[in-house]
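Novice: Fit chain B to the supplied structure of chain A, relying on the hints for placement.
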Amino acid sequence: MPLPALDSPQWQSPLRTFAWGIWSITSTVLALVLFATYLGIGALAHGTHFSLGWALASTVFVWAGPAQIILISTLGSGATVVQAAIAVGVSAIRLFPMVVSVLPMLRTPTTKRRHLVLATHFIAVTLWVECFRLLPQVPRERRIVFTHGLGGGLVSLCLVATTLGYGLAANLPQLFAAAILLLTPLAFLLSTARNCRQLSDILALVLGLALFPLAAMLHTGVDILISGVSAGTIAYGVHRWRRRQ
Amino acid sequence: MSDFIGDWHALLVLLLAGFLPNEAWRMLGLWFGSGIDEGSELLVWVRAVATAILAGVIAQILVLPPGALASVPGWLRYAAVAAGFLAFIVTRRSIFAGVACGELVMLAGKWWLG
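From first to last, the protein sequence lines stand for chains A and B. Here our numbering is used: the first residue of the first sequence is 1, the next is one more, and so on. Here our numbering is used: the first residue of the second sequence is 1, the next is one more, and so on.
Isolated chain A (complex conformation) (with noise of 0.2 Å):
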């Protein structure tokens, strides 16, 4: 069922509009992608002795894919609250130029900041990739009530996949949950492919696959952070010299 039309009678109901926001998580193979992401957070989270009610609060909290794996991979690996928040802070630098470029298409010139926080924080890679498919289709004045739906639709699957994860796990073959595990290296590794629309970014993206090894052999604990920032500045590098020829 595709979305009404821009002028559609259809989008002057903001109930419908969330509606609509709800139904389109039916309309994206990410959304299977995110389900079963989850799926092995639960999955994990089990593993690592977290309870139940932490899990599902940090799929509503933290709404981050990688942050969460990081989180309960960090902290069950026995590392302390510092390290474990410096290694979720760093995962999560990417957000700012997601947030950054999403915002301008839910603004009209009489939103407040406020009317964007609960948007903002749906915003991950998924809500970043479905607002540039789906928003040009919504008309400019529905759009914020347009993704509360729309997020609100993905956290409840989310929360859902969480807590089939988690009950799955004690009795999960072990086969089974490592499928589950790599979808999220695929999943995030094609995803961010699909979205390189400049040198820089592939660059980055290939530079930041190779570099990470090299740093993690130094054990600083912010290894992330270190490979990153060097494969992302020289991405920069190459791409503003390049411009100059």
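Rather than coming from a laboratory, the hints here were simulated on the basis of the structure. All residues carry an ideal CB built from backbone N, CA and C; glycine is no exception. Watch out, some of these pointers could steer you wrong.
[Stated by the list, open to error] Restraint-style ranges between C-beta atoms, simulated for each label pair:
{"#": "1", "chain 1": "A", "residue 1": "Gly78", "chain 2": "B", "residue 2": "Phe96", "range": "34 to 44 Å"}
{"#": "2", "chain 1": "B", "residue 1": "Ala108", "chain 2": "A", "residue 2": "Arg16", "range": "43 to 53 Å"}
{"#": "3", "chain 1": "A", "residue 1": "Leu218", "chain 2": "B", "residue 2": "Ala82", "range": "22 to 32 Å"}
[To be verified] One-sided excerpt, in silico: chain A residues whose CB lies under 7 Å from chain B:
{"#": "4", "residue": "Leu52"}
{"#": "5", "residue": "Pro66"}
{"#": "6", "residue": "Leu116"}
{"#": "7", "residue": "Gln174"}
{"#": "8", "residue": "Leu182"}
{"#": "9", "residue": "Phe188"}
{"#": "10", "residue": "Ala204"}
{"#": "11", "residue": "Leu205"}
{"#": "12", "residue": "Pro213"}
Specialist: Frame of chain A, contents of chain B only:
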């Protein structure tokens, strides 16, 4: 009920090490984002660093695998991801085809190893 929540200390850790360091970047984007031009040089650099950090997260899961993924040998993890990427390219950037192919290679490899 106490089983569902677990201990409160763990929730405090979630707040300090999970929620705050993650949410801070979203709120910074909300606060300072409106002044930044989407095509600005600063944003090109921030996006390159953000992409490289995400690449680092992907590499970390593959190089230092969590939980059950550690039962899959290293070469098979890399081969599965490489196969997934190849399928993604061949199918003109279909994420679904790439993910499915990567998973199949991993499962086939594990089955072959016994």
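Novice: Confirm or reject each hint.
Specialist: These are the hints, each one checked on the structure:
1. A:Gly78 to B:Phe96: 34 to 44 Å: holds, 37 Å
2. B:Ala108 to A:Arg16: 43 to 53 Å: holds, 46 Å
3. A:Leu218 to B:Ala82: 22 to 32 Å: Since the Cβ atoms of leucine 218 of chain A and alanine 82 of chain B sit about 26 Å apart, the hinted range of 22 to 32 Å holds.
4. Leu52: It holds, given that the least Cβ distance between leucine 52 of chain A and chain B is near 6 Å, below 7 Å.
5. Pro66: Proline 66 of chain A check passes; min Cβ-Cβ to chain B is 4 Å, inside 7 Å.
6. Leu116: holds, 6 Å
7. Gln174: holds, 5 Å
8. Leu182: holds, 6 Å
9. Phe188: With Cβ-Cβ at 5 Å, under 7 Å, it holds.
10. Ala204: holds, 4 Å
11. Leu205: holds, 5 Å
12. Pro213: holds, 6 Å
Checked against the numbered hints above, the structure breaks none of them.
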